[in-house]
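Listed below, chain by chain, are the residues.
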Amino acid sequence: MKTYLRLSLALAVLLVFAGCSGGCATLQPGANALVVRVEQTQVIAKSTFDLVLNVDNSNRPFWTTNLPAFHGFCEYLRAPVPIDASNSLPRGAAWLWSLDQTKLSYKSSLSSSNALVSALAVVETGLSQAQLYLAQTQPAIPATTTSTPK
Amino acid sequence: MPALIALLPSLLAALPSLWTMIQSIRGAAQQSGEWTPELETQYQNALMATKTDPAWQSDRK
Chain R
64 MKTYLRLSLA LAVLLVFAGC SGGCATLQPG ANALVVRVEQ TQVIAKSTFD LVLNVDNSNR
124 PFWTTNLPAF HGFCEYLRAP VPIDASNSLP RGAAWLWSLD QTKLSYKSSL SSSNALVSAL
184 AVVETGLSQA QLYLAQTQPA IPATTTSTPK
Chain B
36 MPALIALLPS LLAALPSLWT MIQSIRGAAQ QSGEWTPELE TQYQNALMAT KTDPAWQSDR
96 K
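Going line by line, the protein sequences match chains R and B. Each step along the first sequence adds one to the number in our numbering, with nothing skipped, and position 24 is 87. Each step along the second sequence adds one to the number in our numbering, with nothing skipped, and position 10 is 45.
Chain B with its partners taken away, still in its complex shape (with noise of 0.2 Å):
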């Protein structure tokens, strides 16, 4: 029980970015043209921003 207690913070943690990668999932599934250049902007910023994301930093940091 006390793994378990433990644990909860990680699946919590886990259910938003679950639900963004089942999105994901279910967009690309329904794209059906090159993206915009608006998109790829976006996108392009979307990794940028890993650079400072807390969860994309190395444990030495």
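Bound conformation, chain R alone (with noise of 0.2 Å):
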């Protein structure tokens, strides 16, 4: 058990190196530092909302009984919301079809900056709960496996 928790951690350790280099870009002369902003959170948010909704869809009734607060929050983020008079997205979805409707809006100059912030901090907010309850997985995992007294 224990090699196979060292193996996973290690692989983890080089995904995230393997994923990570390559450093931060500087903004080209023009770009509006806000919507990249915007557009750099919708991007990892979608991802991350992927992962979190993945992990569960995997083994549902697992999740259910051994983390119901996780599951519980991967059913608020496929929860069907309207985005329109006659269409509905997930919530997760949603959020980020908000986020991207206000930023064309604030793009055009139809909207004002503060509402493309209170959208982003919407999602900002979203994303964060999805990262601390995926954070929450992984003590799941050797409480299930290790739950054998020796």
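Keep in mind the hints are simulated off the structure, nothing from the lab. Remember, predicted model here, so these are calculated numbers, not experimental data. Treat each hint with caution, since some may be false.
[Stated by the list, open to error] Quick list of in silico lysine to aspartate or glutamate cross-link-like pairs, EDC-like style, CA-CA up to 20 Å: (1) Lys86/B <-> Glu75/B; (2) Lys86/B <-> Asp163/R; (3) Lys86/B <-> Glu138/R; (4) Lys170/R <-> Glu69/B.
[Claimed, not checked] Distance windows between CB atoms, simulated: (5) Asn95/R <-> Ile40/B: 48 to 58 Å; (6) Thr89/R <-> Asn80/B: 22 to 32 Å; (7) Asn95/R <-> Arg95/B: 34 to 44 Å; (8) Asn150/R <-> Arg95/B: 13 to 23 Å; (9) Thr87/B <-> Ala96/R: 30 to 40 Å.
All residues carry an ideal CB built from backbone N, CA and C; glycine is no exception.
Need the complex rebuilt from these two chains, each delivered in its own frame; the hints are there to steer you.
Shown next as structure tokens:
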């Protein structure tokens, strides 16, 4: 079991190093820093929600039993929310859709930067919650695999 | 051990999503300008695709 956990940790560290090597880029002249920040958040939030929901979806009964708060958060992200008169999206995607539409309005000078910052705050809150719940899944693994007394 | 075996599909299923997330963080860090209209459309299509993605479907369905 310890060997397995060490291997998992080594793999996670390797993935992070492989993925994050490359550094940060500077903004091109004329690029709006707020818009770029919003777009960076859009991409990271979408992939984080995808990761959280795919982990839960791979074994929903397991997570419902062993980490109900995590599964409950996933269901919260999945709940359909109307985005206009005739369409709805899962809540996580609806947050991102709303942020995207607000960004486009801002770029067209139809909405203020305050509206964009507010929409960004909603997504960042959901993103940090997702990261917290994702972190909680890691203690759940040894807790369930070492439950047998030695 | 049975719990670990039960969890294996979760761990395996998470790997591609984890890699995608790491790549997206890397891509975001290297973004130097605003999205092109093509990227904007691609992103909106990805959001719309969540309506039919099994991972995004509620338990009640």
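Against the structure, the hints:
no. : hint                             : in the structure
1   : Lys86/B <-> Glu75/B              : holds (18 Å)
2   : Lys86/B <-> Asp163/R             : holds (17 Å)
3   : Lys86/B <-> Glu138/R             : holds (14 Å)
4   : Lys170/R <-> Glu69/B             : holds (10 Å)
5   : Asn95/R <-> Ile40/B: 48 to 58 Å  : holds (50 Å)
6   : Thr89/R <-> Asn80/B: 22 to 32 Å  : holds (29 Å)
7   : Asn95/R <-> Arg95/B: 34 to 44 Å  : holds (41 Å)
8   : Asn150/R <-> Arg95/B: 13 to 23 Å : holds (19 Å)
9   : Thr87/B <-> Ala96/R: 30 to 40 Å  : holds (35 Å)
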